[in-house]
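Sequence order for the protein chains is A and B.
According to the working numbering, the first sequence is numbered sequentially starting from 1412.
According to the working numbering, the second sequence is numbered sequentially starting from 3.
Hints should not be assumed to be uniformly reliable.
[Said to hold, decoys possible] If you want the ones that stay clear, here's a sample from chain A, every Cβ over 10 Å from chain B, calculated: (1) PRO1460; (2) ALA1478; (3) THR1584; (4) VAL1661.
[As the list claims (entries may be wrong)] Below, simulated DSS-like cross-link-like pairs (lysine-lysine); rule was C-alpha separation at most 25 Å, straight line: (5) A:LYS1545 <-> A:LYS1628; (6) A:LYS1417 <-> A:LYS1527; (7) A:LYS1417 <-> A:LYS1545; (8) A:LYS1527 <-> A:LYS1440; (9) A:LYS1417 <-> A:LYS1432; (10) A:LYS1440 <-> B:LYS80; (11) A:LYS1440 <-> A:LYS1417; (12) B:LYS80 <-> A:LYS1527; (13) B:LYS80 <-> A:LYS1432; (14) A:LYS1432 <-> A:LYS1545; (15) A:LYS1545 <-> B:LYS80; (16) A:LYS1545 <-> A:LYS1440.
[Unchecked claim] To give an idea of the interface, some chain B residues facing chain A are shown, with a C-beta separation under 10 Å as derived from the structure: (17) SER87; (18) ILE89; (19) LEU98; (20) ASN114; (21) SER116; (22) ARG161; (23) LEU171; (24) ILE270; (25) PRO271.
By construction, these hints were calculated from the structure, which means they are not laboratory data.
Quick reminder that beta carbons are idealized off the backbone N, C-alpha and C, glycines included.
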Amino acid sequence: MLDFFKRPVLTFQEFVLLAVKTLRGLFQKPYYWDDLFLQMDSLGIGSLPVVILTGFFAGCIMALQMARALQTYGATNQVGQLVAITLVREMGPVLTALMVAGRNASGMASELGSMKVTEQIDAMRALGTDPILKLVKPRLIATAILLPLLTILADFIGMIGGWLVSCVLLSLTTSTHYWNTSWRILEYNDLAQGLIKPFVFAIVIALVGCFYGMETKGGTQGVGLATTRAVVVSSVWIVVLTFIIGRVFVSL
Amino acid sequence: MPESQAPQLAFENVSFAFDETPVLRHISFELHSGETLIVLGAAGSGKTVLLKTALGLLRPSEGRVVLFGADVTADSEKQWFDVRSRIGVLFQEGGLFDSLDVAENVAYPLRNQSARQCPEAEILPKVEQSLQFVDLGQTLDRYPSELSGGMRRRVGIARAIVTQPDLLLYDSPTAGLDPITANLIVALITKGRDVRRATTVMVTHRFQDGEILAGFRYDPSAGGLCLARERGSDARTRFLVLREGEMVFLGTQDELEASPDPYVAKFIPHP
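Kindly generate the complete structure, drawing on both the sequences and the hints.
Here it is in structure tokens:
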């Protein structure tokens, strides 16, 4: 029975150790600026198409589904408010994070995993570089900066998608009313929730991706396994954390 | 003991275990300045673990590792960086960084070892010199993926010697190579050892690699290898044989060839 829990507990312990070392590393020199900008480019610019597409269609779907429910109550002019709140609070942060997890947590795990199995991480340590400062730190900083920005973009594009469906396609309300109501309904609580979530998700995505990469064992098969685990674990944590953070904000 | 007389590398009763599975058991040896140690062992006998323990990449479960006269077993990773700046290492598959070209790979220790502080202007000449040493002077801007297995090992050797370290560690430098390339690699290792009289540890499963390292010397006047005078009996070149993590032999080539141990005898090709 104890053996059953031993591995997950040990894995969690290793993960916490990596997290502590990385967070401590944020205040330690050297800073590898080249690596940071490279990661920001790969994560920020590279994720733009998928984030824009996801955000746009999330907004479209929200407007489409809400239209039917709102028609029942004759409240179709409130579609803007619903789209704005759902996107900013939940859909924007979660969908963007899931997309970035699928794209970048897997990328981090496979890149670091390949480096691990080809002894490049050992070589790095042998040649005077701390892999946590050189590999994990730039990925964490890049994700923590860019995921909130990508989320803001996804939210905005989503609202455009919602406007297209509700005003142009279904003529549920006027454009002015759509934008006015969606703007007014948002409170600081919603915005704070919508920005804290991607920040926390970014930490999870970067640390989980790097952790499974650094823990890779056993050749190319191990790299595949690490990649899968990184995506699954980070996605599950995103869903769990969005509930926890949501719960905290609801009671505020 | 002053550092000049102290062993450059010593293992004192070193054991190592992965998840309670012993990989190295009670290994002890001393290696003084200018000496060569050839570690022979079958796959899974703990050769690579021994080398990684010497480099501080793995920490022994028990025993002491002494490097350059100081006990470094309990050193922090930061302290290890200073120790490692005096060690050159070639990993099994070369351990080259795929994302960097050959010149950047070889320059990596010069740029990143904090104890070194090599001025930028000196880096390129050192890199070129090191690559010329392994006859790869024309490959500076190529990437590791564009090189053959033998060339990657040679770049790895260039990277190991570019800092002119006191101790050189080679992990299975000939694994997976054809005999001609393998002999060329060992000849380069011999040259690297003799040009600067560096202390050398080579891990291998091929007795022939050890035989070249033990029986030949680099002759600078001839620009190639020549037979060593004290061939076979030189106490400065010793063989260590590992069997499932245990040290079953430590001695000269003559002693190795005369060993009655059937496992040790398996490594020596019979005429």
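Hints, one by one, checked against the model:
Listed as outside the interface, PRO1460 (chain A) is consistent with that label: its C-beta sits roughly 24 Å from the nearest C-beta of chain B, beyond the 10 Å cut-off. At roughly 49 Å from the closest C-beta of chain B, the C-beta of ALA1478 (chain A) stays outside 10 Å, upholding its exclusion from the interface. THR1584 (chain A), annotated as away from the interface, keeps every beta carbon of chain B farther than 10 Å; the closest lies near 52 Å. Every CB of chain B is more than 10 Å from the CB of VAL1661 (chain A) (nearest about 44 Å), matching its label as outside the interface.
Of the supplied pair hints, the one linking LYS1545 (chain A) and LYS1628 (chain A) holds, its CA atoms being roughly 20 Å apart against a limit of 25 Å. With a CA separation close to 24 Å, the supplied pair LYS1417 (chain A) and LYS1527 (chain A) stays within the 25 Å bound. Restraint check: the Cα-Cα separation between LYS1417 (chain A) and LYS1545 (chain A) comes to about 31 Å, which exceeds 25 Å; the hinted pair is violated. For the hint pairing LYS1527 (chain A) with LYS1440 (chain A), the CA-to-CA distance comes to about 23 Å; that is within 25 Å, so the pair holds.
Straight-line distance between C-alpha atoms of LYS1417 (chain A) and LYS1432 (chain A) comes to about 22 Å, which keeps the hinted pair within the 25 Å bound. Under the criterion of a C-alpha separation no larger than 25 Å, the hint pairing LYS1440 (chain A) with LYS80 (chain B) is consistent with the structure, at around 12 Å. At roughly 35 Å between alpha-carbon atoms, LYS1440 (chain A) and LYS1417 (chain A) are farther apart than 25 Å, so this suggested pair is violated. Straight-line distance between C-alpha atoms of LYS80 (chain B) and LYS1527 (chain A) comes to about 20 Å, which keeps the hinted pair within the 25 Å bound.
Between LYS80 (chain B) and LYS1432 (chain A) the alpha-carbon distance is near 13 Å, which keeps this suggested pair within the 25 Å criterion. For the given pair, LYS1432 (chain A) sits about 12 Å from LYS1545 (chain A) by alpha-carbon distance, which is consistent with the 25 Å threshold. Restraint check for LYS1545 (chain A) and LYS80 (chain B): satisfied, since their Cα atoms lie roughly 14 Å apart, inside the 25 Å limit. A hinted pair counts as satisfied when its Cα atoms are at most 25 Å apart, and LYS1545 (chain A) with LYS1440 (chain A) qualifies at roughly 10 Å.
Taking 10 Å as the C-beta cut-off, the interface hint given for SER87 (chain B) holds, the closest approach to chain A being about 6 Å. For ILE89 (chain B), the shortest C-beta to C-beta distance to chain A is roughly 7 Å, which falls under 10 Å, so the interface hint holds. Using the Cβ-Cβ criterion of 10 Å, the hint placing LEU98 (chain B) at the interface with chain A is satisfied: the shortest such distance is roughly 8 Å. Interface hint status for ASN114 (chain B): upheld, as the beta-carbon distance to the closest one in chain A is roughly 4 Å, under 10 Å.
A cut of 10 Å between beta carbons decides the hint on SER116 (chain B): the least distance to chain A is about 6 Å, and the hint holds. Taking 10 Å as the C-beta contact cut-off toward chain A, the hint placing ARG161 (chain B) at the interface holds, the least distance being around 8 Å. Because the closest C-beta pair between LEU171 (chain B) and chain A is about 9 Å apart, less than 10 Å, the hint holds. At about 29 Å, the closest approach between the beta carbon of ILE270 (chain B) and any beta carbon in chain A exceeds 10 Å, and the interface hint on this residue is violated.
The closest approach between the C-beta of PRO271 (chain B) and any C-beta of chain A is roughly 29 Å, which is over the 10 Å cut-off, so the hint fails.
The structure is inconsistent with the numbered hints 7, 11, 24 and 25, although it conforms to all the rest.
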